[in-house]
Every structure is written in C-alpha cells, then in structure tokens.
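If you want the building blocks of each chain, they are given just below.
4 protein chains.
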Amino acid sequence: MASTEEQAVAVTTNNDHLVQSEDPEHPANLIPELCRKFYNWGWVTGTGGGTSIRHGDHIFIAPSGVQKELIKSENIFVLQWPTKKYPAEERSYIRRPLKLNPSACTPLFLTAFENGAGCCIHTHSQWAVLVTLLVEREKGPDACFEISTIEQIKGIPRGKGKGMLGYYDTLSIPIIENTAFEENLTSGLEAAMKKYPDTYAVLVRRHGIYVWGDNVAKAKTQCESLDYLFQLAVEMHKLGLPWVK
Amino acid sequence: MASTEEQAVAVTTNNDHLVQSEDPEHPANLIPELCRKFYNWGWVTGTGGGTSIRHGDHIFIAPSGVQKELIKSENIFVLQWPTKKYPAEERSYIRRPLKLNPSACTPLFLTAFENGAGCCIHTHSQWAVLVTLLVEREKGPDACFEISTIEQIKGIPRGKGKGMLGYYDTLSIPIIENTAFEENLTSGLEAAMKKYPDTYAVLVRRHGIYVWGDNVAKAKTQCESLDYLFQLAVEMHKLGLPWVK
Amino acid sequence: MASTEEQAVAVTTNNDHLVQSEDPEHPANLIPELCRKFYNWGWVTGTGGGTSIRHGDHIFIAPSGVQKELIKSENIFVLQWPTKKYPAEERSYIRRPLKLNPSACTPLFLTAFENGAGCCIHTHSQWAVLVTLLVEREKGPDACFEISTIEQIKGIPRGKGKGMLGYYDTLSIPIIENTAFEENLTSGLEAAMKKYPDTYAVLVRRHGIYVWGDNVAKAKTQCESLDYLFQLAVEMHKLGLPWVK
Amino acid sequence: MASTEEQAVAVTTNNDHLVQSEDPEHPANLIPELCRKFYNWGWVTGTGGGTSIRHGDHIFIAPSGVQKELIKSENIFVLQWPTKKYPAEERSYIRRPLKLNPSACTPLFLTAFENGAGCCIHTHSQWAVLVTLLVEREKGPDACFEISTIEQIKGIPRGKGKGMLGYYDTLSIPIIENTAFEENLTSGLEAAMKKYPDTYAVLVRRHGIYVWGDNVAKAKTQCESLDYLFQLAVEMHKLGLPWVK
Numbered sequence: 004m005a006s007t008e009e010q011a012v013a014v015t016t017n018n019d020h021l022v023q024s025e026d027p028e029h030p031a032n033l034i035p036e037l038c039r040k041f042y043n044w045g046w047v048t049g050t051g052g053g054t055s056i057r058h059g060d061h062i063f064i065a066p067s068g069v070q071k072e073l074i075k076s077e078n079i080f081v082l083q084w085p086t087k088k089y090p091a092e093e094r095s096y097i098r099r100p101l102k103l104n105p106s107a108c109t110p111l112f113l114t115a116f117e118n119g120a121g122c123c124i125h126t127h128s129q130w131a132v133l134v135t136l137l138v139e140r141e142k143g144p145d146a147c148f149e150i151s152t153i154e155q156i157k158g159i160p161r162g163k164g165k166g167m168l169g170y171y172d173t174l175s176i177p178i179i180e181n182t183a184f185e186e187n188l189t190s191g192l193e194a195a196m197k198k199y200p201d202t203y204a205v206l207v208r209r210h211g212i213y214v215w216g217d218n219v220a221k222a223k224t225q226c227e228s229l230d231y232l233f234q235l236a237v238e239m240h241k242l243g244l245p246w247v248k
Numbered sequence: 004m005a006s007t008e009e010q011a012v013a014v015t016t017n018n019d020h021l022v023q024s025e026d027p028e029h030p031a032n033l034i035p036e037l038c039r040k041f042y043n044w045g046w047v048t049g050t051g052g053g054t055s056i057r058h059g060d061h062i063f064i065a066p067s068g069v070q071k072e073l074i075k076s077e078n079i080f081v082l083q084w085p086t087k088k089y090p091a092e093e094r095s096y097i098r099r100p101l102k103l104n105p106s107a108c109t110p111l112f113l114t115a116f117e118n119g120a121g122c123c124i125h126t127h128s129q130w131a132v133l134v135t136l137l138v139e140r141e142k143g144p145d146a147c148f149e150i151s152t153i154e155q156i157k158g159i160p161r162g163k164g165k166g167m168l169g170y171y172d173t174l175s176i177p178i179i180e181n182t183a184f185e186e187n188l189t190s191g192l193e194a195a196m197k198k199y200p201d202t203y204a205v206l207v208r209r210h211g212i213y214v215w216g217d218n219v220a221k222a223k224t225q226c227e228s229l230d231y232l233f234q235l236a237v238e239m240h241k242l243g244l245p246w247v248k
Numbered sequence: 004m005a006s007t008e009e010q011a012v013a014v015t016t017n018n019d020h021l022v023q024s025e026d027p028e029h030p031a032n033l034i035p036e037l038c039r040k041f042y043n044w045g046w047v048t049g050t051g052g053g054t055s056i057r058h059g060d061h062i063f064i065a066p067s068g069v070q071k072e073l074i075k076s077e078n079i080f081v082l083q084w085p086t087k088k089y090p091a092e093e094r095s096y097i098r099r100p101l102k103l104n105p106s107a108c109t110p111l112f113l114t115a116f117e118n119g120a121g122c123c124i125h126t127h128s129q130w131a132v133l134v135t136l137l138v139e140r141e142k143g144p145d146a147c148f149e150i151s152t153i154e155q156i157k158g159i160p161r162g163k164g165k166g167m168l169g170y171y172d173t174l175s176i177p178i179i180e181n182t183a184f185e186e187n188l189t190s191g192l193e194a195a196m197k198k199y200p201d202t203y204a205v206l207v208r209r210h211g212i213y214v215w216g217d218n219v220a221k222a223k224t225q226c227e228s229l230d231y232l233f234q235l236a237v238e239m240h241k242l243g244l245p246w247v248k
Numbered sequence: 004m005a006s007t008e009e010q011a012v013a014v015t016t017n018n019d020h021l022v023q024s025e026d027p028e029h030p031a032n033l034i035p036e037l038c039r040k041f042y043n044w045g046w047v048t049g050t051g052g053g054t055s056i057r058h059g060d061h062i063f064i065a066p067s068g069v070q071k072e073l074i075k076s077e078n079i080f081v082l083q084w085p086t087k088k089y090p091a092e093e094r095s096y097i098r099r100p101l102k103l104n105p106s107a108c109t110p111l112f113l114t115a116f117e118n119g120a121g122c123c124i125h126t127h128s129q130w131a132v133l134v135t136l137l138v139e140r141e142k143g144p145d146a147c148f149e150i151s152t153i154e155q156i157k158g159i160p161r162g163k164g165k166g167m168l169g170y171y172d173t174l175s176i177p178i179i180e181n182t183a184f185e186e187n188l189t190s191g192l193e194a195a196m197k198k199y200p201d202t203y204a205v206l207v208r209r210h211g212i213y214v215w216g217d218n219v220a221k222a223k224t225q226c227e228s229l230d231y232l233f234q235l236a237v238e239m240h241k242l243g244l245p246w247v248k
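Protein chains in written order, with the working numbering: chain A, 4 to 248; chain B, 4 to 248; chain C, 4 to 248; chain D, 4 to 248.
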C-alpha cells in the first residue's frame, strides 16, 4: 500500500519502450501474469503484496495500491540498477507511470537484489500470517518457523550455490516483527538476512512473507513451496501433528 | 433476492444506450465483471448479493434473482440520481430490463450513495456470516467485529478524507441484526452509519456484508481486505488466537 | 458411475440434430457448461454426479463414467418423455452416443421430472456428505438436516407455487440411506418426496445430494444455495455454533 | 524435483515429431493440460509432482523442476518401451529436450507401466500427506489408509479386471515410507504393489501419492476420487467421525 514517502518521489521520465515487449518472458509481461496467479491464490487481494524483477541493470516493480489482477505492462515502474534505497526521492527511476506510486515494498525488494536475487515476491498469504502467530505463541517471539521431513521442503534451497534442502533437513524461516510503515521493515529484513545468510525468505509477523530467488521461476516456485508448507503446518497444528519430527 | 415490493415497480423506459459502451471501465461493463469475480470467490452464489455503481447522476444496479456470473450489460437497471428510496414505485428508473427486478438491496445501495459512496457491494460471504455469529456469542449482540495489528487492516480507510487505518489501529465493523425483508435493513444500516460515521462497511448478522467505497476500485479492494480479515479471524478463532492484541 | 443394468440397454438411434444447436441456452449446450462449473466447485470430480434437463418432451442426460468437465454436446443422451423408469431396457432413448452409458442416476432424474422438475442435479459435494454424517450422529438416522435464520435460506422454495422460504423459517432437507446401486435409491427418493412433498432436494447419506428445480437456473441456484448452507453448517459445527436458532 | 542421477543422463536425440500432434488426445498435448489442472487443484505447485503416459511403445514424461502449469509439448521426454529402470544412463530416451531433466519419478512411473498401467500421476496433495500422518499416529507405521461406505469409493477399481469397488467395500491404500531421494522409493513401491496386487495407488508418507490407471482418463479420475476421499477423511477426523463404519 502507498506511503507518503513514495508519493513525494517526482516523475522523472517515461521510457515506455522499457515495458513494451512481445516476449512473454519479459519482466513487463511476467509481472502482470504473476500477479494474476497470486491474486487467484488469495495472496495479494485488496492490493496487498507485490512483485519485482531484476533484468540486467533494470529493476521492474509493480505499482502500489492497484488491483493486482488488473496490472498492465504500462503500469510498471523501472529503476536503474544499482540505485539508492534511501532516501526514496533519490532512487534512479527511469520510468514512472503517471498517477501511480511504486510499491512501498521497494526498499525491501532492493535489499533482496543487493543480496543477489533476480526476483522478489511479497504476499499477504493467510497461511504465512497464521504460522507467524502460532510460532510466537508456541515458541516465543524470537523463534523461527521450522518444519522437517516433508517432501516439499526439497523445493527450497539450502543456501546460495548449496543445492536444495533434503528430506531429512529442517527448513528454518526467520520471522521479523511488523512495523507501522512497510519501508521500515527494511532494517529488520537486512538483520534477518545477515543472521540467516542462507535463507531465501523472511516471514513478517501478522503481515505475510518476502520470498526471493535467483530468477523468476525460482522465486515463484519457492514461494509456492513455502505456502504449501505453511498451509500444511496450520492443518497439522489443527490435527495435533508436530511440525518437526 | 426479489421482493414483492420490487415486483410492483412499473417499467418506465428502456434507454439501452445507457448500458452500451466499448469502455471496459463503464459501469455497465464493470458490474458483470465484478459479479463474475465475486461468484468465483463464493460471495454471490445462489443469486445472493449484488453490486451497484454511481456514475455521475446515474446509478447502475445489478438485477435481482439472477445468476451473478452470467449477468450481461443489458440486464442492468439505471436510476436517475438523486432518487427516492421509498416508496419503490416512485424511484426514477430511466432503464428497466424487461422481465427482471432490480436488486432488493436497492434502498441499501442508495443509502451508501447518499453517504457519498461511488460503489456499493453486498456479499453473502460465509466468513462474514461466521464472524457475526462468533462476535454475538463471545461479546454479545451489540458488539462490533474488531481486529487489530494485522497488516491487511491498512487496506481499510480510517474514515472519509482521513487516510487509511494504520497497523496498530483497531478495525471496527458494526453488526446489525438481519430482518425478514432485505429492504427493511435500511433503517438499521442508516443507524449504524450515523453511529459509526467513519465506517465503510456494515455486517449483517447471519446474512453477509455491505461494503462501499469512493469508487469501484476502492469498494472492491476494501471488500477483499475485509473478507481476508474475516477468513483470517475465523481461522484464528479455531486456533485459539485472539483477534485484538 | 455405470452399472451393468445400464450397459444392457441397446443403442436404438442416433438423432444427432437433437444435440446440435447454436443457442447457448439449449440443454445440449447447458449441460456441458454446468458440468464444467460443478467440476470446478469440486462437486463432480472423479466422474461422480450428473445433470439432466427436461426440454418439452425430451430429457437430456449427461453420460456416465465420463470426466464431467470434458463433456461435449455430442456425448448427451436424449429420452422421449414420458418414458419408463424400469426396466432400463424399455426406456425410450431417441439418441444414444456410441460407447457411452447414460448416467446411473437416470431413474432418479426421471423421478424428479415426474414431480414436475425441469432440471435435476446430482453432486457428491463433500459438505453434503459431512452434514449427513453429522445429522446421523447428533440427531439419529431418521432426522432431516435443519438450519434456520440464515439469509441464504431465502434461495430455497417453500414448495411448488408457494414462494421462497423466509429468513425466520427452518429449512428442512430429508436424508435417505445410500444403497449399493445408485438406481436402487429411486424408491427411497420417491418415499422422501411423498413424505416431504415441498422439498426440492434430498440428501443421500455418505453419498451426496439430488437437487431439482422448475428450470435450469432454479435447479442450479438452489443447488448453490444448499451447498453454501451445508458448508456453513459444517464450519458452524466446528465452531460450536448451533444450526437452528 | 531433479536429482544428480538424472542430470548425468546424456542427450541422445531430439525427435521433435514425437511430441507434435494436432490431436488433443495425444500424450504430448494431454500432459500439459493435465498438469495445468493439477496445478489449479494445488497438487503440483512448486514444481512438485509429475505425470507420465504410455502410448504404444512410447513413454511420455513431464520434465523435472519445471513450473507444472507452464509445461509445453516441446518440454516432454520420450522413452522407448520397454526400457531399463536402472541405471538411468541406460534408459532408452528417444527424445530429450535440451536443458531439461526428466522427472525424478521416472523409475516409479516405469514400475507402474511394468504393472500394466497406461498412465501414472504423482501429486503432493496436502490431503494425501495429512492422511499418511493421521494413519501413522492412529494405527501405526504399517497400517494402510482405509475408508468404507462412502459413495466415491465406487470410483476406484477392485483390481485389474475385477470391476469397481462397491459402496459397502473398504478401500485400502498402502502407505510406504519416504526416502531421501525420490528414485529410491522404487523398491518400496514395488514391494507395496506385490503385497497389494489389486491397488491402483500407493501413498508415500510425508510426501504425496502415486496413482495409476489403465489409461489417462482412468488414472486422472481415480486420482480425483482418491483426493476427494483423503480430503473428506481429514474433515471427518476433525469432526470426530470414524473413517470405517
């Protein structure tokens, strides 16, 4: 959702050609398609959530406060990479759609890109929110979400260049506390990434999740695998089944 | 669903041009598209629910007792705005499709428009119905639905011209009792709007919800955010997690 | 699902023109469209369930043992109305697609048509199955499913020519015991219809539901309203909320 | 998901014509369509699961580690039948798409084909995973999943050439323990098939299910019927309703 910080950023240019491509694999075509899928899974209803893709030295970002299933290529922001995270006014936008604001998640996406990601997805998945609440109650505010010996864990990397987790491994996703303003999550996200350098995702209590990956396919399928595990974990909890064997 | 009151209203005219437009953003095109989406979310199955849009001095209303996913532009009623709420016979219909009746929610939609709304949505969402029952049992018949410190709350306005709710705010949605005839909900809705002048939604016990917004996008995304919160609240209740921190 | 009884019925003719029409409202076009919707709701997966429409003196029936979301107009059986229920060999088929068998629900559909229905729908909805189990445990094998004071009840007729149920009415759906062969349900269905002459639906324990209506739109929307109520009832039971106020 | 074993297999040839057909019933067209459906049911998100079809002396296999809803005909592997299960390097691939790996489930699919199947489906359905956990806790590690007197059971064969299960029969699906590497499940699958020669499916604890059938339609509808029963069983368990009458 839009913040006043973002609204202060000036329109600098309108390089429409940056978001015009016949290639379905172009980021300006992938972002609308991904957002439609995420909407249908219930991850980004009510304009929640967002998606960003790095393509060479360009960052493509979905706009803020827009119905995610209706995003068009022409609604997409483009940043020159690298760029400043703060202050927002000095970010190097090379395309800004009129009347729209870039996602308030922008500094969080940039944090993932600094970390080598090629794509970052933010959802408000209810399963993600519920596991953050269950972990807090069962294990305290500093605990991670942990689950083990479920096949789908193999869909999550063990860390950069370390291959995928194995069936007998325990998947561990850090949880950070939510903040009043989304951009203020950035320092918490950075701290979690530093503390858990192998993670490809950070849960935000009472809010949702940030998932990234080396490229679009990896970010999306890792996001799907995690959501599968969160949903399974909630159902397991209802049935009195422990998450870690 | 149709009421005898509505059935008494005479066909006055058939201004077909009012519902013919190539513009996908025209109300006569938006209402069918919204109803298809709402049907797929399970909000308006069995002909339940409805949608109305104010466009300048015209009110567009989905018909009553019709399969919501099959509504066509030509099925849409148009009222001259402003118009009488009661008696229904004296409402200024400037387009009435033959053989159809306007939504029994019409006076409720008109109440929202008198309050400045640009679009009003009525759903029979099961999550909405369940929270009305849980609130009644846990907090009594006069209590509102309340939830706090969940990110999605930021999708709901604090009140007209007051910006959006913050993460630490408590969202409060009034609940009115259902009546035998839908149009008789109007006085309850008006009373709730007077008592809670900042609300953009009213729950109806054992029935569903009315949500409105300054325009179509806001009404729809507020409706999605509320439904997300109701579903989350039901799941939180099952898991023994409190709604207000 | 197919039974040996059905397989014995001989192919008598192949009046292809009976299922060829450009009119989307023609039964041969409506049955495939309805079955696709029912598949997406999870009501007829695994070839379960079926649909039949009476159109003048013709009965259109979906085939047995076929993937319901893939049914084509050319797969549809046509019976001359009236026809015999038993023995199946003497039913007046005026169109039989080669290699297919008519739905094993045929005698049950015919029972609904004898009762004045224009369309009959059979689903294996899990919510329907669960309420039959909950009613049996909570109220005994002879009890009906009953629910009251829920708005969606108004989507169900009070009886033939008696208008719709009101909000304060109690909806009552009889439940019959399942049998080893689907066609043997017929006498139980007939008995339930005789005992509850106003009902438009009969639940079958551990199996699903038969819903009918004066025409296709009514049968479909009544089926949706009932399924909404069954799902709500299961969730209410989980939350300890009584079905009848 | 891909394994190192599979990655060692060399590209041998590229018979593109084997996966090019205008016939929607051709395996190279059916696999993408099935995978899209399975993705929408949530069975193969995060690149989990897979599908394989035997067509004459050709085996068509979906690739590994690919977004299942995006599979195209050109992504499909073709094996000459019969072929070796082990070592993977000696399997007779007559078509290998560049840059892709065949499903790690390949030896499991081949086991089903050796057993006479025409199609084999592997899903990570959460309902399947949950029943494996409930059976283990309630009945021990050696117990099968069992359910009786539910109509949908009639969608599952009693065994090869033995017709379908009846309503009063008890459906029994063996459960094998998961292994660190998917291909190592093969011996467990073979043992389960030997011990339960009539079964058309094997559950894998904490992983999912393998379902096969004499042809594509049977494998798919049997997979749907089983998933229906697993979901129903989980809900029955939540409601305290026993699986076997």
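Treat the hints with caution; some may be incorrect.
Since copy identity is lost for identical chains, a pair holds within one copy or between any two.
[What the hints assert, rightly or not] DSSO-like cross-link-like pairs, simulated, lysine-lysine; straight-line CA separation at most 27 Å: (1) LYS40 / LYS165; (2) LYS88 / LYS248; (3) LYS165 / LYS241; (4) LYS87 / LYS75; (5) LYS75 / LYS142; (6) LYS142 / LYS87; (7) LYS75 / LYS40; (8) LYS142 / LYS197; (9) LYS142 / LYS248; (10) LYS102 / LYS165; (11) LYS88 / LYS241; (12) LYS102 / LYS221; (13) LYS40 / LYS198; (14) LYS75 / LYS198.
Treat the hints as calculated values from the structure; they're not laboratory data.
Need the list of violated hint numbers for this structure, in ascending order. 1, 2, 3, 5, 6, 11, 13, 14
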